[in-house]
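All chains should be built: construct the whole structure from the sequences, respecting the hints.
Oh and the sequence shown: position 49 is 49 in our numbering, straight run, nothing missing.
If you are wondering where the hints come from, they were derived from the structure by calculation, not from laboratory data.
There may be inaccurate statements among the hints.
What the hints assert, rightly or not - SDA-like mimics (lysine to any residue), calculated; alpha carbons at most 20 angstroms apart, straight line:
id : residue 1 : residue 2
1  : 127       : 94
2  : 129       : 91
3  : 127       : 7
4  : 129       : 99
5  : 129       : 7
6  : 108       : 32
7  : 129       : 100
8  : 35        : 25
9  : 129       : 44
10 : 131       : 39
11 : 127       : 16
12 : 131       : 97
13 : 127       : 64
14 : 35        : 135
15 : 108       : 4
16 : 131       : 41
17 : 108       : 8
18 : 79        : 95
19 : 79        : 125
20 : 131       : 22
21 : 129       : 18
22 : 30        : 8
23 : 131       : 101
24 : 129       : 98
25 : 131       : 100
26 : 30        : 104
27 : 35        : 6
28 : 129       : 94
29 : 129       : 87
30 : 131       : 91
31 : 131       : 95
32 : 131       : 23
33 : 79        : 96
34 : 30        : 133
35 : 35        : 21
36 : 35        : 112
37 : 131       : 31
To be verified - Here are the simulated distance ranges between beta carbons:
id : residue 1 : residue 2 : range
38 : 3         : 75        : 43 to 51 angstroms
39 : 116       : 139       : 20 to 28 angstroms
40 : 96        : 61        : 17 to 25 angstroms
This one's a predicted model, so the numbers in the text were calculated from it and none came from an experiment.
Glycine is no exception: its CB is placed at the ideal position from the N, C-alpha and C atoms.
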Amino acid sequence: MLNLQDELIISNNGQGMYEITNNVHDWIVKNNIIKGQLNLFIQHTSASLTIMENASPDVLDDINSFFQRIVPEDASLYKHGYEGDDDMPAHIKSMLTQTSLTIPINNKEMQLGVWQGIYLIEHRYSKYKRKIILSYIGE
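See the structure below:
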């Protein structure tokens, strides 16, 4: 049985969705992962992780528009704004999405569907470096 834990640092250009599937795949190859479960956990309250379609850029635009409608970035709606007008909306968006993912691995490949990709979602306007903890158990 093999247990590994590592971190992945992802730099971004501010609010948006960033596909990190290749970053995770490279980590699997580097560590000669064969079969097991990989957990990804983001250590932030204003960014999140998700698995979604990676074929059409329209999906990213539609999801961004959806978030803008359900979580308006209007400072007058929130008490908390210590780090800026986008702070509280970012926390809400993070809460509505996911901070961790578990992905099965078999034969050195993530068992993702044909159109699935792993994404870091940055909910803040500014550029950030986000830390994702990778925890693996398997062969």
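Going down the list of hints, with the structure as the test:
no.	hint	verdict
1	127 with 94	holds (16 angstroms)
2	129 with 91	holds (17 angstroms)
3	127 with 7	holds (19 angstroms)
4	129 with 99	holds (16 angstroms)
5	129 with 7	holds (12 angstroms)
6	108 with 32	holds (7 angstroms)
7	129 with 100	holds (17 angstroms)
8	35 with 25	holds (13 angstroms)
9	129 with 44	holds (10 angstroms)
10	131 with 39	holds (13 angstroms)
11	127 with 16	holds (10 angstroms)
12	131 with 97	holds (17 angstroms)
13	127 with 64	holds (17 angstroms)
14	35 with 135	holds (13 angstroms)
15	108 with 4	holds (15 angstroms)
16	131 with 41	holds (8 angstroms)
17	108 with 8	holds (19 angstroms)
18	79 with 95	holds (17 angstroms)
19	79 with 125	holds (19 angstroms)
20	131 with 22	holds (16 angstroms)
21	129 with 18	holds (12 angstroms)
22	30 with 8	holds (13 angstroms)
23	131 with 101	holds (14 angstroms)
24	129 with 98	holds (18 angstroms)
25	131 with 100	holds (12 angstroms)
26	30 with 104	holds (17 angstroms)
27	35 with 6	holds (17 angstroms)
28	129 with 94	holds (16 angstroms)
29	129 with 87	holds (16 angstroms)
30	131 with 91	holds (16 angstroms)
31	131 with 95	holds (17 angstroms)
32	131 with 23	holds (13 angstroms)
33	79 with 96	holds (19 angstroms)
34	30 with 133	holds (16 angstroms)
35	35 with 21	holds (17 angstroms)
36	35 with 112	holds (14 angstroms)
37	131 with 31	holds (19 angstroms)
38	3 with 75: 43 to 51 angstroms	holds (44 angstroms)
39	116 with 139: 20 to 28 angstroms	holds (23 angstroms)
40	96 with 61: 17 to 25 angstroms	holds (18 angstroms)
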